[in-house]
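Q: Chains as they are written, first to last, in this note's numbering: chain W, 6 to 247; chain C, 23 to 228.
Honestly, I wouldn't trust all of these hints.
Here are the simulated DSS-like cross-link-like pairs (lysine-lysine), alpha carbons at most 25 Å apart as the crow flies [as the list claims (entries may be wrong)]: (1) Lys201(C) <-> Lys89(C); (2) Lys73(W) <-> Lys148(W); (3) Lys201(C) <-> Lys117(W); (4) Lys216(C) <-> Lys26(W); (5) Lys26(W) <-> Lys89(C); (6) Lys29(W) <-> Lys116(W); (7) Lys227(W) <-> Lys31(C); (8) Lys116(W) <-> Lys89(C); (9) Lys26(C) <-> Lys203(W); (10) Lys31(C) <-> Lys203(W).
Honestly, the hints are just simulated from the structure, not real lab data.
Everything numeric in this text was worked out from a predicted model, so none of it was measured.
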Amino acid sequence: MSTPGEFYQRDRLWHPPAFAKDYKTSVTRSPQYALISLQNSASEITGPTFGHRDIDPIDNDLISNYAKAGESPIGERIIVHGRVLDENGRPVPNTLVEVWQANAGGRYRHKKDTYLAPIDPNFGGCGRTLTDENGYYYFRTVKPGAYPWRNWVNDWRPAHIHVSVFGSGFAQRLITQMYFEGDPLIDTCPIVNTIPDKAAIGQLIAALDRNATIPLDTIAYKFDIVLRGRRSTLFENRLEGN
Amino acid sequence: MTQKLDYLKESPSQTAGPYVHIGLAPGAAGFDIYRQELGWDIAGPNAKGERIRVEGIVIDGTGSPIKDVLLEAWQANSEGVYAHPEHPGEVEEGFRGWGRVITDFATGEWGFDTVKPGAVMGRNGHMMAPHINLWIVARGINVGLNTRIYFDDETEANASDPVLNIIEWERRRATLIAKRTERDGEIVYRFDVKMQGEDETVFFDI
């Protein structure tokens, strides 16, 4: 068996480009020169590792992790669950998944958010967990509301949850956003539409999952996340030490 | 008809947005929720080597500091070993090699305390100069940007570094070299990132 090696090249035509003029902030925050392509070295193949000492079991439950005793946030109770896989379809175990979101009214608990929808006193809006040995993760939360933002003057973000994932190497580091099946705001969002390919956008839309729904309690959405795959080194000069 | 290849596509990236702090640095967003936030201690108390501070600002295409950036650092210890099971060698107890910092909302300044990394073996037996890998996300950045911090007192190692040497425009290499100064007895490296335009920082597709 050969040693796992470098990561597959990122498909930069599948990801959004740096410059996407309809998402206005990208205009002055996008490099003009081309990226310099690097073949992976130890610096890119390795990355931070996390363990159960770093986080607490309650951290993946946004319904209780900021609520006062005996209370809970207002909103549609949902479970978000899925697997973190690589492009080879293999699970990515023991990796850190972090999420953050607005409350049911579209208001973020952040000192820079001044939207007039109120803060929910029982909702913080962040969570984190480690995938298990099969790459599986889950969160419990309330479904976030849409919210307006100053891009075009009547732009509204679709309901979304921000997701951050590590993988096993620094080259796999990824931040993305999860959207909800059937949301009519998805089609007109300039941030969603930074992604050129409809099929790629579809990969960020979580499906309603009736099988994982808890009857009379909490509805569920399934969201699988794919990180870059690794190839075997085959005939190449192997990295020192591998 | 050709055979079908059974690969999945990577989930596409999206911007971290202006409220990235809620998830990754909630204290800065204005609330206390976790027993411990992650990423504030890169080297730990037991790390050997020279204690240094690295700091800077991130500047947009208009020349203004960006004040809602999140940066993550990934580096080897002073012996050139990464805290990762696939990298040969041992690191000191408590050495993570990974850090996460945000820019100050008022000034745009960021900084982290660590130890200066040692040289790491690169591809095909070519030694890489000491460097810190940096990943930058923010509102307006659709895919996280990767760059490297090198050190201006490593002239000889930098001259033979295999990564710096693939940048064909020699003038652009200088954008990756942090400048060493001393402040109140502390070693400080300055590393400003220019997102766009004149003297734009080199970013890598890793």
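Q: Flag every earlier hint the structure violates by its number, smallest first.
A: 3
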